[in-house]
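Keeping their order, the protein sequence lines are chains A and B.
Just so it is clear: in the first sequence, position 353 is 353 by UniProt numbering, and no numbers are missing.
Just so it is clear: in the second sequence, position 74 is 74 by UniProt numbering, and no numbers are missing.
Treat the hints as calculated values from the structure; they're not laboratory data.
Here the structure is a predicted model, which is why all the values come from computation and not from measurement.
Where is the CB? At the ideal position from N, CA and C, for every residue including glycine.
Possibly wrong hints are sitting among the right ones.
[To be verified] Here are the computed distance ranges between Cβ atoms for each label pair: (1) 388(A) <-> 11(B): 37 to 45 Å; (2) 61(B) <-> 32(A): 43 to 51 Å; (3) 89(B) <-> 7(A): 39 to 47 Å.
[Unchecked claim] Partial list, computed: chain A residues near chain B (C-beta under 10 Å): (4) 66; (5) 238; (6) 301; (7) 430.
[Claimed, not checked] In silico lysine-lysine, DSBU-like type, Cα no more than 30 Å apart, as pairs: (8) 270(A) <-> 89(B); (9) 472(A) <-> 303(A); (10) 465(A) <-> 89(B); (11) 303(A) <-> 90(B); (12) 413(A) <-> 427(A).
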Amino acid sequence: MEAHAVNPWVAVAYLVAGVCFILALRGLSSPATSRAGNRYGMFGMAIAVVTTLVTHEIASLPEIIGAIVIGGGIGFVIARRIQMTAMPQLVAAFHSLVGLAAVLVAVAAFLNPDAFGILGADGNILTVSRVEMALGAAIGAITFSGSVIAFAKLNGNMSGSPILLPARHVINLGTLVLIIALTAMFTVAAHAGPGENHLFWVVVALSFAIGFLLIIPIGGADMPVVVSMLNSYSGWAAAAMGFTLHNTAMIITGALVGSSGAILSYIMCKAMNRSFISVIAGGFGADAGGVGGGEAREQRPWKRGSAEDAAFLMKEAENVIIIPGYGMAVAQAQHALREMTDLLKEHGVTVKFAIHPVAGRMPGHMNVLLAEASVPYDDVFELEDINSEFAQTDVAFIIGANDVVNPAAKTDKSSPIYGMPVFDVDKAKTIFFIKRSMGGQGYAGVDNDVFYMDQTMMLLADAKKMVEEINKSLTD
Amino acid sequence: MDFVSILSIFVMACFVGYYVVWSVTPALHTPLMAVTNAISSVIVVGALIASAAAGSPLAKWLGLGAVVLASVNIFGGFAVTERMLAMYKKKDKPGAKGGKQ
Chain A
1 MEAHAVNPWV AVAYLVAGVC FILALRGLSS PATSRAGNRY GMFGMAIAVV TTLVTHEIAS
61 LPEIIGAIVI GGGIGFVIAR RIQMTAMPQL VAAFHSLVGL AAVLVAVAAF LNPDAFGILG
121 ADGNILTVSR VEMALGAAIG AITFSGSVIA FAKLNGNMSG SPILLPARHV INLGTLVLII
181 ALTAMFTVAA HAGPGENHLF WVVVALSFAI GFLLIIPIGG ADMPVVVSML NSYSGWAAAA
241 MGFTLHNTAM IITGALVGSS GAILSYIMCK AMNRSFISVI AGGFGADAGG VGGGEAREQR
301 PWKRGSAEDA AFLMKEAENV IIIPGYGMAV AQAQHALREM TDLLKEHGVT VKFAIHPVAG
361 RMPGHMNVLL AEASVPYDDV FELEDINSEF AQTDVAFIIG ANDVVNPAAK TDKSSPIYGM
421 PVFDVDKAKT IFFIKRSMGG QGYAGVDNDV FYMDQTMMLL ADAKKMVEEI NKSLTD
Chain B
1 MDFVSILSIF VMACFVGYYV VWSVTPALHT PLMAVTNAIS SVIVVGALIA SAAAGSPLAK
61 WLGLGAVVLA SVNIFGGFAV TERMLAMYKK KDKPGAKGGK Q
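Using the sequences plus the hints, can you model the full thing?
Below, the structure is given as structure tokens:
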């Protein structure tokens, strides 16, 4: 422990790195300052790495540089090639790496405590360090296996529907209690013999298992919450290791990332009107099949519109609000959509985009997809900023979204999405609803009254093709 | 540093994190996740210590493995954040066709 506190400049350097990370997040308060923020982040990381390298005896510099080059190269290539629609998978994959790295560091500290300065005078690992190490390893392992499952679900390697084990709540709670109990036993084991030390490995193994068990029952619709939650865990894992190493940069970062993920999970839960506990308990989407009434849907009349109708009405409109959902991204319609807004603006129409917090598959995902299609960010509005404008709106244009415009969330107490904040599209004068067919429904599997309203015209087609046809009519 | 001062830093940092993250605009929540991912790889510090130390060969190789993983994250995380942030553009930049409303 003493070794780390000798040179005050080292501590200052790590503190500076920590402050740089705070500034990196601070920069994200607006797109204008965000890139400078990212530079701060890189700078902070460079300080942390260089400080570590120059203040520790390095027995194997070539190997270390080799490891950084290999890892850095892989990371860089992936970052360059990844599609923006695949961002949630990428983030999940990255989380799993942080988790695994935390486990490896904890295990290395366990095997070679002297190098980490956590050896007590009696030749045993310090009690405090034992807690921190076990916690770091456990949270890291949960992050790893949880993120791997989240990745597989988001990437389509695994079905997005919940996998429900019998008695899963009992199994999960039991495993968690066991992890905590074993961590405590490992901690208080004053004179660590081989028996006590085996506890550490059991804690790690159980943590890998619980990460896996916790995520498999969670359905695709709840993945934004899961990804945010794992983001938070990866932070807490880093913080726990920071406690072990007495390293301020790691502690500050861990706290930042931990709170960031927690806040994002909270925002996502609120946007779906779901409690965090119910998301973690899982199963959403597995039992919603029967709700909504199949026969009623067949019988109710609805109007079919054409690309020409849409083009004509929007051209004549004063203002149009576009509500994109993940279906738009799946159809890769964002570029055509941006072209449509450009054409409408040429006709003097005010066009705004309205984004629901859960519009994509991770927090802010839709904003990135629109930014990629060069939609200016000041045309893009959040739910609470734009929802009052629908009453004065000529056309609401819904593309690839469904649940987020469903008025049942406001009126129907029996609906699974009741209480979820939704766009008041029903107040708009005309509604265009692009949908592949009348059969498919949103994540929640609920029927939508908007389909059957007097002012609604259904545009049944592939989103991209439909928008391209509208564009053609607009240019004619 | 004793445990209490470390804990103080941690608690303060949680509060800083709370306020800073709430001030992040929702439009940038995806870059926020990408960049928090990158910075949480500061765990590379521990990995470097493990891989640099003589003593336990197994610990050294585990450390090197962790350095590789964390490096994927650091370079990948910052690069993908940079790529995303570069896409966010303001209205009415020269070259955009649409006129003012």
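query: Holds or violated: is the Cβ of residue 430(A) closer than 10 Å to a Cβ in chain B?
result: Given a least distance of 19 Å, the restraint on residue 430(A) is violated.
query: Between residue 413(A) and residue 427(A), is the straight-line Cα distance small enough, at 30 Å or below?
result: Holds, at about 21 Å.
Cβ separation of residue 388(A) and residue 11(B), checked against the hinted range 37 to 45 Å: 39 Å, holds
- request: Starting from residue 303(A), check that the Cα of residue 90(B) is at most 30 Å away, please.
  value: 38 Å, violated
- prompt: Holds or violated: is there a CB of chain B closer than 10 Å to the CB of residue 301(A)?
  reply: Hint violated; residue 301(A) Cβ to chain B Cβ min 36 Å, cut 10 Å.
query: If you take the shortest Cβ to Cβ gap from residue 66(A) to chain B, is it below 10 Å?
result: Holds. Min distance 8 Å.
- prompt: Per the hint of 39 to 47 Å, is the separation of the Cβ atoms of residue 89(B) and residue 7(A) within bounds?
  reply: 46 Å, holds
- prompt: How does the Cβ-Cβ distance of residue 61(B) and residue 32(A) compare with 43 to 51 Å: does it lie in that range?
  reply: 45 Å, holds
query: Holds or violated: are the alpha carbons of residue 472(A) and residue 303(A) at most 30 Å from each other?
result: 22 Å, holds
message: Need the status of pair residue 465(A), residue 89(B): alpha-carbon distance at most 30 Å?
response: Between residue 465(A) and residue 89(B) the Cα gap is close to 26 Å, so the pair holds against 30 Å.
message: So if I understand the rule, the pair passes when the alpha-carbon distance is 30 Å or less; does residue 270(A) with residue 89(B) pass?
response: 29 Å, holds
message: For the restraint on residue 238(A), tell me whether the closest CB of chain B is nearer than 10 Å.
response: 5 Å, holds
Consistency note: the structure conflicts with the earlier hints numbered 6, 7, 11.
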